[in-house]
Amino acid sequence: MRPLLRDIIRVVRHPAVVLVLVLLALSGASAFQLTGSTVVQLTSPVGTYAAISYNYSNAYHFNILTYTGTPSSPEVVAGASVDLEFYLSNGTGQSLGGVRGVTGSQGFLTLAWNSAPCQCDVQFNVTTPNSELLGTSLMKFPAPQDLTGLFGVISTVPTGVFLSKPLFVVAFVDSSGKVPAGTSLSYCIPTAEANGTVSCPVQDLGPVTSGLQAFPTLQSLSLSDSQNMQFNLTGPGGVSLYTEQFQYGNLDPKNVMETLTAAGLTAGVQTMSFLVAFAGAMIGYVGYARDRLNGTLEPVLALPITRSRLLLTRYASAVLISVSGSIIAATILLFTVAHIQGDNLPAPLWLGLPTAFALEGAAFVGLSFFAAHLTKSSTLLLVVLILLTAAMTLLWVPVVSVLAQLGRLPVDLSTPATQSAVAGWSPAQSSISIVGLIVLNYNGEGPYLLPAITNVGVLAALVLAWVAIPIALAWLLFRFRD
Amino acid sequence: MLEFRGITKHYSWRQEPAITDVTLSVSPGEVLGLVGLNGAGKTTSLRVACGVALATNGDVEVDGFSILRRKAEASRLIGWVPEQPVHDASARVASLVHYYSDIAGGVLPARGEELLREWGMEEFRRKRFRELSLGYKRRLAVVVASLTGPRYFLLDEPFNGLDPVAMVQFRKWIVTAKEEGRGIILSSHVLREVQSLCDRIAVIHHGRILSTMTAAELATSVHKEVTVVLDRVDPGARTLLEKFGTVTLAGNTITVRGREINPGTVSASLMKAGYIVQRLTSGESDLEEQFLRLVGETS
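Protein chains in written order, with our numbering: chain A, 1 to 482; chain B, 1 to 299.
There's no promise every hint is true.
Claimed, not checked - Selected chain A positions facing chain B (Cβ under 8 Å, derived; list incomplete):
1) Pro3
2) Ser199
3) Gly295
4) Glu298
5) Leu303
6) Ile305
7) Asp482
Bear in mind the hints are in silico, worked out from the structure with no lab data behind them. Nothing here was measured: the structure is a model prediction, and the numbers come from that model. Glycine residues also receive a C-beta, built at the ideal position from the N, C-alpha and C atoms.
Construct all of the structure, not just a fragment, from the sequences and the given hints.
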């Protein structure tokens, strides 16, 4: 035990490790800010009004909820008729023409753009039906000064009744907020046919003439909570400007809060997964690779200790540090999300997220150990690590393909969520996302991944393999070819 | 006994092996000198022997324990003192000693402190490794190497870069270790040190052992030279001096090289023959020259 403790102390005291562990812990607390996700919290005499957003690559998705009570037990109180006003502003709160709209007390909207994003902000105002301002919040977007192509869809969805209020469409073509002549909107509702195919007959909603426009046709529609709806915005000359498909879930206040929690976690997990990988690699570097590269491992090798035991001790100490750091950071993140959202996070979350990060950290510690055997230069080590990660990613794709051919894939790849979790990322990231999302039981986009597991044994073997292969290779090289 | 058994070490398959088929042995209470030019393979031989580097072929056995198969047991019997000791530069001396004591296992905490005292390093306990001079870095290396009380020491160029005080201390320590019955392999290219300390000497060149000889044998192989400046140089002077060794002429200066040259005898012979010796200098060839000769003989 003493050599292990000595090694842990030796590594933990290194300034680079201290720094990376502090960063890791801070990332748990500041995940929202680091990823650009924003929580807008409004208060008024009649209750708390929350508009919470998170960002994707080219669109901002807002989940808007007005409620009374507390975030953990929100209620829509009958008669508390409060509107949430939404418009784009020029950054000083001044409205850019034609884009002011009233969305109602509950719903969500999507802002997206086909080309460059706008230098604009989103203003949320909470008003009474008599336009009395109750609360306001301005959300700034760091983006170039160009409104071309900005497009937004606003829908209002009172609990349990879909589209009983107008659907608004906002389309900008320039800074004056004009909609180009010839712009039209259509929609379709995917329907399953008897032969198993899905059809989506297009229904024309007519021209879009102003920046903010209601479509009465939509008011007569009645959709179930989980039904999809696709909107197509067509520009002059029939050019498709934007297509958006919505899948409306059950938007009771509690479900909306869960979605918001998922949004916060998604943002936090993305940042932290990078930091955990970096921390693992750094701890592996300080714990082993650095000593190996600059020769300070040699006096240890001359002592009465076998090579296997030396490597195992070094690996165990590095993994213990990495795993501890990951677990602490993940726990901080969960506490942060739980505190901000006021949500009671499900129990599997507390187990799954730290486990996933612990595995990721261990994988990158091993990768760092292995990389130290492939170069003699500390400065090249980072390059080697990146190349190794890339190589393992390339290896991951054929492994998934072979497993698919053999019918032994651990998860059902029929959904985009599972596809991105399994096929698109590096092995370490995949193992994290698979383990994390499975245990988390949701990923914010749905559908839940838990039912998608088809082979737990293969899944566990894959995850463990990605963690174990790098350190096993390092051991072979250290033990037999040094 | 510490035995090298046909050690070959390739660092890269694209290069020649650093050492080839090296076979050596040293017994307890014996000092073996490993001499050779820079890059001859001395350091690699010692690194393989203590387990820092893995042999490509062959093995090293220490009192019956293989460094490859029973490394922990074998390493406990060996203390390695590298030429350029490398440790964590920011670590303090005391913490390094404690760390290595823990890794080695079975070393009492007081042992490290005692060794630090013995080597006059008590006041350096709080110093960082990078703050030490080469002499003290090497003293620390001896402390670390001595933690397990090894039966054999592998000393790689122990006198290089040391001040006279440190050299005396190291020399005394080697003599004491020998008297305590410890076997020592001492690599060096300073012939005088090797001659004065070693019982046997192995000559290594291009990674191969050229010869192993006792200190006495080496002494007889050392060439001495006498250079004289005469009032005149004629065939008679040359014939006279060729009796002592190989003669080289340069103007009025004649250099004689040989294994048994006494400057006094040379001078007396010349004077007796009527030559006036204007200047006479004498010296021994150094190891590098010896090697040039040995290598020349080998090839």
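A quick look at each hint next to the structure:
1. Annotation: Pro3/A was flagged as interfacial toward chain B, and the flag holds, the nearest CB pair being 5 Å apart, inside 8 Å.
2. The criterion of a C-beta within 8 Å of any C-beta in chain B is not met by Ser199/A, whose closest approach is roughly 66 Å, and the hint is violated.
3. Interface hint at Gly295/A: satisfied, since its Cβ lies 4 Å from the closest Cβ of chain B, which is below the 8 Å cut-off.
4. Residue-level restraint check for Glu298/A holds (minimum Cβ-Cβ distance to chain B is 5 Å; threshold 8 Å).
5. Interface restraint check: Leu303/A against chain B, minimum CB-CB distance 5 Å, threshold 8 Å, status holds.
6. Taking 8 Å as the C-beta contact cut-off toward chain B, the hint placing Ile305/A at the interface holds, the least distance being around 6 Å.
7. Interface restraint check for Asp482/A: the shortest CB-CB distance to chain B comes to about 5 Å, inside 8 Å, so the restraint holds.
Checked against the numbered hints given earlier, this structure breaks only hint 2.
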